[in-house]
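**Q** Model the full assembly from the supplied sequences, consistent with the hints where possible.
Chains as they are written, first to last, in numbering that gives the first Met the number 0: chain W, 0 to 268; chain V, 0 to 95.
Hints in this document: simulated from the structure, not taken from any laboratory. Note that the coordinates shown come from a computational prediction; the quantities given were computed from them, not determined experimentally. Backbone N, C-alpha and C define an ideal beta-carbon position, used for all residues, glycine too. No incorrect hints appear here.
Once the Cα atoms are required to be at most 25 Å apart in a straight line, the calculated SDA-like pairs of lysine to any residue come out as:
| id | chain 1 | residue 1 | chain 2 | residue 2 |
| --- | --- | --- | --- | --- |
| 1 | W | 162 | W | 184 |
| 2 | W | 162 | V | 29 |
| 3 | W | 162 | W | 211 |
| 4 | W | 162 | W | 69 |
| 5 | W | 162 | V | 30 |
| 6 | W | 1 | W | 48 |
| 7 | W | 162 | W | 12 |
| 8 | W | 162 | V | 13 |
| 9 | W | 162 | V | 17 |
| 10 | W | 162 | W | 113 |
| 11 | W | 162 | W | 186 |
| 12 | W | 162 | W | 229 |
| 13 | V | 71 | V | 43 |
| 14 | W | 1 | W | 12 |
| 15 | W | 162 | V | 14 |
| 16 | W | 1 | W | 88 |
| 17 | W | 1 | W | 77 |
| 18 | W | 162 | V | 24 |
| 19 | W | 162 | V | 15 |
| 20 | W | 162 | V | 16 |
| 21 | W | 162 | W | 138 |
| 22 | W | 1 | W | 40 |
| 23 | W | 162 | W | 231 |
| 24 | W | 1 | W | 41 |
| 25 | W | 162 | V | 28 |
| 26 | W | 162 | W | 29 |
| 27 | W | 162 | W | 266 |
Simulated restraints, written as ranges between beta carbons of each label pair:
| id | chain 1 | residue 1 | chain 2 | residue 2 | range |
| --- | --- | --- | --- | --- | --- |
| 28 | W | 263 | V | 90 | 57 to 67 Å |
| 29 | V | 47 | W | 252 | 54 to 64 Å |
| 30 | V | 82 | W | 67 | 25 to 35 Å |
| 31 | W | 74 | V | 82 | 28 to 38 Å |
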Amino acid sequence: MKHRADIVIGGVRVAVVTSSPTFIAMLQERYAGFLEAPGAADFEFEIDVVAPREDAPDEDVRVYRDAGLWRIERGDFRASLDPVARRGRIRQSENPYSIDTVLRIVHTLVLAREGGFLMHAASALRAGRAYLFAGVSGAGKTTISRLAPPDAALLSDEISYVKRAGAGYVAFGTPFAGELARAGENVRAPLEAIYLLAQGPRNLVEGVAPAQAARELLASVLFFAEDAELVRTVFGAALDLVERVPVRRLTFVPDARVWDLIGREEQAA
Amino acid sequence: MSELFVARARNVAARMIGGEMMVMSGRDSSLFSLNATASILWEAADGVTPLSRIVEGRIVTAFEVDREAALKDAEELVRDLAGHGILTLSETPIEP
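**A** Listed below in structure tokens is the structure:
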């Protein structure tokens with residue numbers, strides 16, 4: 000008997016099918032806020048659940064094209080995706096991390112074609128507008144998420160989802176959690192501003208030169224594919240984002256008052 | 000002395016943003032920000048104009064520098080960028 004879970008992130012439906020009821024139960028728990036009743040899927044993956052490899056090498060994920068298929072591989076899983084049929088197969092043990100990685104990569108491939116990204120960034124929605132907080136590990140993504148006021152909805156404390164929408168961008172919630180170990184809320188809003196995080200002795204918002212903003216945002220974009228055409232596409236899309244959405248540097252002390260600064264320039268304008 | 004011809008590599012993306020030319024290699028996603036001189040060379044690197052003529056027409060006049068020194072610096076610069084895979088060099092014109 001086959002079991003199925005439809006995981007919908009950023010409006011993209013990925014159906015996961017397997018004969019393992021315990022694997023599906025694990026997915027239902029992990030992606031609870033992002034599940035929908037079975038429907039017409041954008042992508043469908045059949046999962047072959049296998050015994051964990053004791054000797055699985057600790058290696059970086061590889062994403063490459065091979066005979067018309069996308070191959071996604073790491074020590075703990077092997078996956079393939081036919082981008083035309085939009086069907087794929089994943090061979091992995093019963094763990095949430097392998098499927099989580101495949102989902103992230105599928106979304107990066109989809110988003111790259113649509114001028115969007117997954118980014119190493121926290122994001123939150125407040126008063127109908129989304130704000131994104133990018134930075135390297137330790138810059139404060141988890142801290143700014145933890146300090147968010149009660150009227151803010153956390154979209155993610157780790158992996159943010161940004162999609163092109165007309166002349167602007169929309170940020171979506173994701174189930175991809177970081178240190179907070181808490182999935183984002185499954186909501187969306189127009190992206191109002193991007194903050195490059197730095198922790199410092201006082202709260203301060205400053206402008207960032209466009210080229211510098213592009214450099215730092217490109218460093219935050221999740222992109223795995225060894226594919227020159229997609230690299231060019233992502234580069235162009237990142238520069239488009241910088242030209243359309245205000246990017247500012249936010250230096251802050253770990254204090255909830257920092258949220259008084261978020262969106263202030265946009266509201267004043 | 001032989002001429003040097005320079006062309007932008009095929010697998011790169013480039014765009015001017017905020018007055019700065021940014022170039023990304025499609026080979027390994029390396030990102031480069033070009034200074035004013037490198038930006039001029041990049042824009043003029045059509046594969047058929049000799050480097051010496053680019054330097055004479057675009058660098059020497061713009062920066063009021065000695066031709067020989069400018070050409071030496073430009074050769075170093077384009078060889079460095081070629082080493083990163085974002086320019087192609089040849090002693091003969093490079094077909095588009």
